[in-house]
Amino acid sequence: PASLELADADAATLYTVARPLIEELGVRIEAPTPQRWYLSSEAFGTLAGASPLRASGRNIEIWLPHEAHSGQRSRAWMKVQNEVQMAWFEHPVNEAREARGLPAVNSIWFHAQGALRTVTSPYARVRSDAAATRGLALAAKAQVDAAPANFAALAAALNNGSGTGATLVELDPFSAAFIQQDWGRWNAAFAQLERDWFAPALTALQTGALAALDLTLCGDTGSVTLSITRGDLRKFWRRRLFASLFIE
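With this note's numbering, letter number 113 in the sequence shown gets 113, and the count goes up by one each step, no holes.
One or more hints might be untrue.
Unchecked claim - Using 20 Å as the maximum straight-line C-alpha spacing, the simulated SDA-like pairs for lysine to any residue come out as follows: (1) K79 to I60; (2) K79 to E61; (3) K141 to V169; (4) K79 to Q113.
Simulated from the structure, these hints should not be mistaken for laboratory data.
Computed from a predicted structure; not experimentally measured.
All chains, please: the whole structure from these sequences, using the hints.
Right, dumping it as structure tokens:
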């Protein structure tokens, strides 16, 4: 979605058009921000939907919302989507976007479905810009803030604060470059992480300023977590090429 370069004002205009159409179908809709909406309907309670990141750049047919137990396409959602698509077709917002060489905003995407329930977290603090992560952290009553610019900014914030417990930092400089297959930008993002996060974190481990570090790397179909403490740094015989850690 970020690649659309959609301004909040244009998103708000499109929302104003779509909202009454959606509500006429008996669906409650809320928009805390112009570009992120929340829908509520019993007809959606059993649906499964993939995140935009999961479906971007792929044939979306297999990622469209479907009944979680049967795999059948959701007629209720298709009706909502069709109403919105027709209303936005040749809308002045899209005509102006196309005149500027930008893609039309021609549909909405259903994902992150579920019912509210109790959430717990092993983290006392969560630093992330992702709406889903921040929402889960708020539900777990963790302290929530934006992702810091670098490790030094995080360390300064923690030193100025109080309390104990682990801190989760979520960083995602790779996804957009991966989807667009912009490997130059991908490599630049990795180099920036090394400079701004990994190298300072290693120094903090060596000096004892940081007790332990868990690095969870999330891929397309799985994840791997690498854990290290200050004592691990002395185990030179366990050192391996970084790339070899992903093979397993």
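Evaluation of the provided hints:
1. K79 to I60: holds, 17 Å
2. K79 to E61: holds, 16 Å
3. K141 to V169: Between K141 and V169 the Cα gap is close to 16 Å, so the pair holds against 20 Å.
4. K79 to Q113: Holds, because 17 Å separates the two Cα atoms, which is no more than 20 Å.
Hint compliance for this structure: no hint is broken.
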